[in-house]
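**Q** Chains as they are written, first to last, in the UniProt record's numbering: chain Y, 1 to 949; chain R, 1 to 429.
Calculated directly from the structure, the hints in this document are not laboratory data. Bear in mind that the values here come from a model prediction, so they are computed numbers and not experimental data. Misleading hints may appear alongside valid ones.
[To be verified] Across the chosen pairs, the derived CB separations fall in these ranges:
no.: 1; chain 1: R; residue 1: K398; chain 2: Y; residue 2: D49; range: 36 to 46 Å
no.: 2; chain 1: R; residue 1: I247; chain 2: Y; residue 2: D100; range: 20 to 30 Å
no.: 3; chain 1: R; residue 1: S307; chain 2: Y; residue 2: Q351; range: 54 to 64 Å
no.: 4; chain 1: Y; residue 1: Y279; chain 2: R; residue 2: R290; range: 35 to 45 Å
no.: 5; chain 1: Y; residue 1: A433; chain 2: R; residue 2: Q349; range: 35 to 45 Å
no.: 6; chain 1: R; residue 1: D229; chain 2: Y; residue 2: D278; range: 28 to 38 Å
no.: 7; chain 1: Y; residue 1: E127; chain 2: R; residue 2: Y180; range: 28 to 38 Å
no.: 8; chain 1: R; residue 1: K406; chain 2: Y; residue 2: E127; range: 25 to 35 Å
no.: 9; chain 1: R; residue 1: D13; chain 2: Y; residue 2: D49; range: 53 to 63 Å
no.: 10; chain 1: R; residue 1: Y399; chain 2: Y; residue 2: M89; range: 33 to 43 Å
no.: 11; chain 1: R; residue 1: S307; chain 2: Y; residue 2: M723; range: 34 to 44 Å
no.: 12; chain 1: R; residue 1: P334; chain 2: Y; residue 2: A433; range: 21 to 31 Å
no.: 13; chain 1: Y; residue 1: A546; chain 2: R; residue 2: P334; range: 19 to 29 Å
no.: 14; chain 1: Y; residue 1: G16; chain 2: R; residue 2: P42; range: 35 to 45 Å
[Said to hold, decoys possible] Here are a few chain Y residues that face chain R, going by a calculated C-beta distance under 8 Å:
no.: 15; residue: T45
no.: 16; residue: R111
no.: 17; residue: C115
no.: 18; residue: E189
no.: 19; residue: A191
no.: 20; residue: E367
no.: 21; residue: P499
no.: 22; residue: T500
no.: 23; residue: Q503
no.: 24; residue: L505
no.: 25; residue: Q507
[Stated by the list, open to error] Straight-line distance between alpha carbons at most 20 Å, and here's what the computed EDC-like set of lysine to aspartate or glutamate pairs gives:
no.: 26; chain 1: Y; residue 1: K325; chain 2: R; residue 2: E245
no.: 27; chain 1: Y; residue 1: K325; chain 2: R; residue 2: D188
no.: 28; chain 1: Y; residue 1: K131; chain 2: Y; residue 2: D85
no.: 29; chain 1: Y; residue 1: K286; chain 2: R; residue 2: E306
no.: 30; chain 1: Y; residue 1: K330; chain 2: R; residue 2: E243
no.: 31; chain 1: R; residue 1: K193; chain 2: Y; residue 2: E160
no.: 32; chain 1: Y; residue 1: K209; chain 2: Y; residue 2: D236
no.: 33; chain 1: R; residue 1: K410; chain 2: Y; residue 2: D236
no.: 34; chain 1: Y; residue 1: K286; chain 2: R; residue 2: E41
no.: 35; chain 1: R; residue 1: K366; chain 2: Y; residue 2: E367
Here a beta-carbon is modelled for each residue, glycine too, at the ideal position from N, C-alpha and C.
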Amino acid sequence: MLEPDPNYFSSFVCSGEIFELKAELNSDKKEKKKEAVKKVIASMTVGKDVSALFPDVVNCMQTDNLELKKLVYLYLMNYAKSQPDMAIMAVNTFVKDCEDPNPLIRALAVRTMGCIRVDKITEYLCEPLRKCLKDEDPYVRKTAAVCVAKLHDINAQLVEDQGFLDTLKDLISDSNPMVVANAVAALSEIAESHPNSNLMDLNPQTINKLLTALNECTEWGQIFILDCLANYTPRDDRESQSICERVTPRLSHANSAVVLSAVKVLMKFMEMLPKDLDYYGTLLKKLAPPLVTLLSAEPELQYVALRNINLIVQRRPEILKHEMKVFFVKYNDPIYVKLEKLDIMIRLASQANIAQVLAELKEYATEVDVDFVRKAVRAIGRCAIKVEQSAERCVSTLLDLIQTKVNYVVQEAIVVIKDIFRKYPNKYESVIATLCENLDSLDEPEARAAMIWIVGEYAERIDNADELLESFLEGFHDESTQVQLQLLTAIVKLFLKKPTETQELVQQVLSLATQDSDNPDLRDRGYIYWRLLSTDPVAAKEVVLAEKPLISEETDLIEPTLLEELICHIGTLASVYHKPPSAFVEGSRGVQHKRLPGSTGLGESLESPDTGSAAGGSDAPPAVIPSQGDLLGDLLNLDLTPPATTGPPPPPTSGMQLGAMDLLGGGLDSLMGAGFGAAPAASPASFSAPVSGGLDDLFDLGGGVGMPMGAYNPPKTVWLPAMKGKGLEISGTFARRAGIIQMEMTLINKAMSVMTDFAIQFNRNSFGIAPAGPLQVLTPLSPNQTIEVALPLNTVGPVMKMDPLNNLQVAVKNNIDVFYFSCQYPISVLFVEDGKMERQVFLATWKDIPNDNESQFQIKDCHLNSDAASSKLQGSNIFTIAKRTVDGQDMLYQSMKLTNSIWVLAELRVQAGNPTYTVSIPLLLVESESSNVFLFQSQATKGKKGTLI
Amino acid sequence: MIHSLFLINASGDIFLEKHWKSVVSRSVCDYFFEAQERATEPENVPPVIPTPHHYLISVLRHRIYFVAVIQSEVPPLFVIEFLHRVVDTFQDYFGVCTEAAIKDNVVVVYELLEEMLDNGFPLATESNILKELIKPPTILRTMVNTITGSTNVGEQLPTGQLSVVPWRRTGVKYTNNEAYFDVVEEIDAIIDKSGSTITAEIQGVIDACVKLTGMPDLTLSFMNPRLLDDVSFHPCVRFKRWEAERILSFIPPDGNFRLLSYHVSSQNLVAIPVYVKHNITFREGSSQGRFDLTLGPKQTMGKAVESVLVSSQLPRGVLNANLNPSQGAYTFDPVTKLLTWDVGKINPQKLPNLKGTMNLQAGASKPDENPTINIQFKIQQMAISGLKVNRLDMYGEKYKPFKGIKYMTKAGKFQVRTYQHFLMVQTSM
C-alpha cells in the first residue's frame, strides 16, 4: 500500500489518546477532522466507549462533506441515548438537512433522526417527517415510511396523534413500488405490536396495488408484500386463483426468502380452490421444483427450508411424494440438516419407495455420528410401523444391526422393536430369543425398560423370564424410575401368567416398590397392584393383561389445527420451531391465530356453540381424558384411589365400601339433584357436577305444547374436538328409540388424510352400558366429510361406579390413533318401557317409605298443565300411576324403572297458574336380584334426605 | 427486523458489532458460544438459536460466524439471505472476506452496513448501487483521495435505485463492449457400493460478466430449453417471456452477476462422468487392512476429467496407511484420519490407482464405520446436463458487442459409498 492504512485497532485505552482525538476533532483542517472521526467510529465499532467525545463530534456535523456528515450521524445514533441533552444540540442541523435540495441528504437526515431513540427529539421530528412523507422524491418518501415505524417504536401514541398511520396507509397507493413495499413493511411491523388494530385494511383494491408493486420492487420488498398478502382472505375461489397466478412467478426468484413467502401464499390460498380444478393440479406441480431447489442451497438455508417442508409434507404429501431422493443424506451434511432430512424421509416413506428408504437407513446406521445413527435406527422402526408391508424387512434389518453388537445401535434397536411388537402383536415374537442374548449389554434406561417390557409382556414364551427379571431386581434401587416402574409391571404380569412359580418374586418387588422406595409414583403403583392382586386376582388379570390399543402409525404428526396455523406462518420462526407464534415470540402481544380459509366448518370448529345446554350447569365441555396412549394406565388411574392412599394398604374390602359410601354421599343424589335443579342458584355445591342433559331437559317443557310426543333427546354436543382428535371431530348425543338406547354421533374428518378402520370401546361405567355391535363406519371418511352414525347400546357390560354417575368414558380408534373422551348420557335413556308400576304395588311401596327419605326439587318456568306434562313425560318412559287433586294442586304419582331394575318413584306437584313444579323423590326402590347393582341397593335402604328449594 | 450483527472468528472473539436499533449487549452471544461448544464441528452450530429475549440466526462463511440478533417474528430465510449478501458485499469490496480485511476496512464496513439496512429493513443490497454510494477502496483511489482531499462516499443519489431497472446504473460507457456467459454445472451424486447411482442431480448456474454501453436489451436462447424446468432468475429476467417462449430476455446489470440458476433433478437421467473401483477390507483378528482404489472416466463425451482430488475419512481405528499411487500424491493425516489423493488428470489409457495397506491399532476390534469416498473433478467445455446456448442477441443499442460462452462441469458433493465385506450379515429379505 502506498499510504500506510491507519490501523484503528491499535490500543485505544488510555485517556491520553481521547485527549489527543479531542484536539484533532477540533482542528481547523477538514481532512484531519475526518480522520479523527473515522478513528472514533472505529473504536466504537469494536465496542470501546468513546462517548466522552460527544460534544466534539457533534460539532463536526455542520459540514457539506457528505462522508463526514454520515460518519457523525453514525456516531450520533450510537450515543444519543446516553447523552440525551447533548443530542438536542443536533436537532437544528437535522431540521435544516431535511430541507436540503439534495434528496440524498434529506433522506439521510430523516433516516438518522428516527434512529436517535431519545424521547425529547421525537417532538422535533414530527414536522420534518410529515414533509418527507409527502416529498416529491420517492427515495425520500420510502425512507420516511420506515421512519414512521421507528418513531412508533419510540412513542406509539405520538405517531397515532399526528396521523402518521393514515399517511402511511395512503402510501400503499403510491406510484413507486419501492415506496409501497416500505410502507407495507412499516405497517406490518407496527401491526405486530397492535394485533387488533386492523391497520392493514386489505380489500381487493389494495391487494391489486400490492400485486402490481410486487413485480417491480426489490427482493426484500417482495418478501414484505408477500407476507402481507398471506394475511388476506380472498372472497371466493376465483379471486384466490387470480392471486395465485400472479404470485407463482415469484417461485423462480433467486432469493430463497421470496420463494418461501410465495409458497406460503400459495399453500394458504390453495385451500380455497376446488380440487377438481385443472389449475389446482398445475399449482401442485409448480410447488415441487422450488422446494427441491432450496435444498441445494447453503446448509443454513436448507435447514430452514427442511423445517418448512416438514410442515408442507404433512399438509399436502402429494407435492413431494416423488422427490424422496433429494432428502437422502450426504455424509458431510451438517448434523442439523441430516436429522431434518431423516424426519422427512420417514414422512414420505410409502410402499412404493420403502425398499430404497430402508437401504439408505441401513447405510446411515453404520455412520460415525452417534446421534444420527440412533435416529436412523429409530427411523427403521418408524418405517415398520408406518408401512405395514415393510415390517418384516424392517425387523430383519434391525436384527442385522443388533448382530453388529455396537452398543448404542443394539439399545436403540430394542427400543423400536418394542414398538413394533405393540403395532403387530403375535407376529415377530420369534426374535425375542435374539433380543434376550443382548440383555447384559443394555446400559441405558430406555433400552432396559423396553427390554423388561418385552420380557413381561411375553413372559409365557420365555422359559426363564423369572430369572431374567430377577437379575434386574438385584440392583432395583440403582435403576432409574422408568426402569423400576417397568420392572414392577413386568413382574406383576409374569405373576399373573405363571402364578405358581413367581409368588416370591412378586412379593419381593411389591415390597421393594412400596416399602423401600421414596418415589411416590412407584409407591402408588405398587400399592395399586398389591391391592388389586389381593382383592380380586381375576380383575387384576383383566386390568393388567388387558388388550392394549394398537399404537398409531405416526405418533409425531403435528396436531391438525396447529398445522393449519403453522402453514399460515410458513417461513417464519414459528415454522422453524413448529410452535404457534403466540407460544414463544416475545413482544408479539396477543398474536391473532391465523387459520386456513375455505374448507368447510374449519372456521366454526373453534367456537362450536354448545347448544346442548338447555338449562344451567350443563354446558361444560366434555372432559377429555389426556391421551397418554396407555389405556391401562388410565384405567388404573380411574377411581381406585380412595382418599386413604397414604399409610398401609387398607384391607381388601375397604375400597368397595368407600366406593359405596361415596355413592351415598353424592353419587346418585348429585345426579338427580343436578337433573332437577333447574335453577342454578338452588343447587348447592355438591350438585355442581355438570350433567349434560339431565332430567331438567326432560322437564324442559317451556314452549312445548305443540311439540311432538316422544322421548326427549338432547341436542348433540362436541365430545371430541378436532384439536384433540388429530382432526377427527365427534359430536353426539344419546337417545332411546323403540326401546333401544342409541349413541348417535356425527363424525367429521377435519384432517387432511382419509380416516378408516373405526372402532369404539367404552370403559366400565355405572350402568354397564356397552356397544351392542361394532361401530358402523363402512366407507373411509375422506377429508371434510361428515358422517352420521347410530350405535346401538346394551346394558350388559361390566359395571363400575363413575363420578358423576352418568359419566361414560369412550375410546375411539381409527387408522390414525386412539382417542379418549368422556361424555354424559341423560339418565332418561335408561328408563325402560315397562316402568309402569302396578297401582297397588305403587301405593304399598309409597306408604312404606319413611318420610325423612324424601328429596324435593323445584322446576321453574313450566307452563304446561298436569295432563300435558304427564303425557309428555310418558314419551320418556316416566309413567303416571295416579293423579290426585288437593287444594287446586295436581299431584302426579309417577314411576320409572332403570335398566338395572331399580325403580324410581316420584311425586310431581303442579299448581295451576304457577309455573313452578315440585318434585319429590321419596325413595329409590330396588327389586332386583342382579348382583351388579349392589351399590344402589345400599342407596335404597339408607336413602338420603336433601330438601332443596 | 434485524436488530444487531456480531462477527465472531474461529477462536470465539467478537471482532465487530453493529446495531441498527437499540444496542444489544454482547453477552447475548454467550448463547451462541454455548451452542458452539456443544457442536462437534464448526459447521454443526445450529443456524437458529433461541435465547430468552432474542433469536440468534447465524451463517458460517470463510471461517467467520455472522450472527444476527432478532427480537420479533422475522422470516429466518430473510435474515440468512441478508447475511449472505453481507458476505458477498465484503468479498466484492475487499477481494477476500477475512477478519483481517474487515478490520483493515472497518469504517467502510460500518458505512456499508449502515447503507444496507435501515432500522432492520434492507435498504441497498445490490452491489451496483452500493458501489455508487460507497466507493470500494482501491490503492489508486486511496492515493487520489489523499492528494485531492475527496472522499469515497458518492455525492449523488444512486440513479438505479428508483428507476424501473433498479439493478442497472445509467450512463454506462465502455470502449470495448463485451458480454461473457459462463455455464457452470455442479453434479451432486451418491453412488452406492456396487457402483449404481442412488441419487444424482445437477445444480447449474449461468454467471455473466456484461460490460456494455448504454441500456442494452439482451435475449439468450437455448438449444434445449426443456431441460430448464426448475429455475431461479435474476430479477432482470422477464418472466412472462420465458413462460411463453422459453427465451431469456433482460436488461443486464452492469458487471458481474448471476443471470440464472437451475436444477436438473434426479427425475431426469444424469450422466455420471467418473467411476470408482474400490476394495477396502479389514479382516477380523488382523491388524492390517487392504486398500485398493481405481478411477476411470465414464460418460464424458470425450472430454478430459481434470483436477481430480479424492478424499476419504478412514475409520478411527486406522493408525497409518502405506499406499502407492500410480500417479499424483497422497497424504494421510493420522489425527483426523483424512486420506487425500491429488490425482490430477485421468488418462483413460492408464487409469490412476492407489493401493496398499492400512495399519490398525494392535488388538483393536475391526472398525464399525464404512468410509465414504469424496471426489472432486472438473471437466472443461461441457455442461453435463447437455445444456447449450443457441444464440445471444442485443437490441436497443447500435454497436456490435463481443460475445462469449464458456461451459464447465464440476463435482459438487460427489460421494461413493464403500462397505467392508465382513460387516453386513446377509439376510433373507
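**Q** Hints numbered earlier in the text: which of these fail when held up against the supplied structure?
**A** Numbers 1, 2, 3, 4, 5, 6, 7, 8, 9, 10, 11, 12, 13, 19, 21, 22, 23, 24, 25, 26, 28, 29, 30, 31, 33, 34 - these are the hints that the structure violates, sorted from lowest upward.
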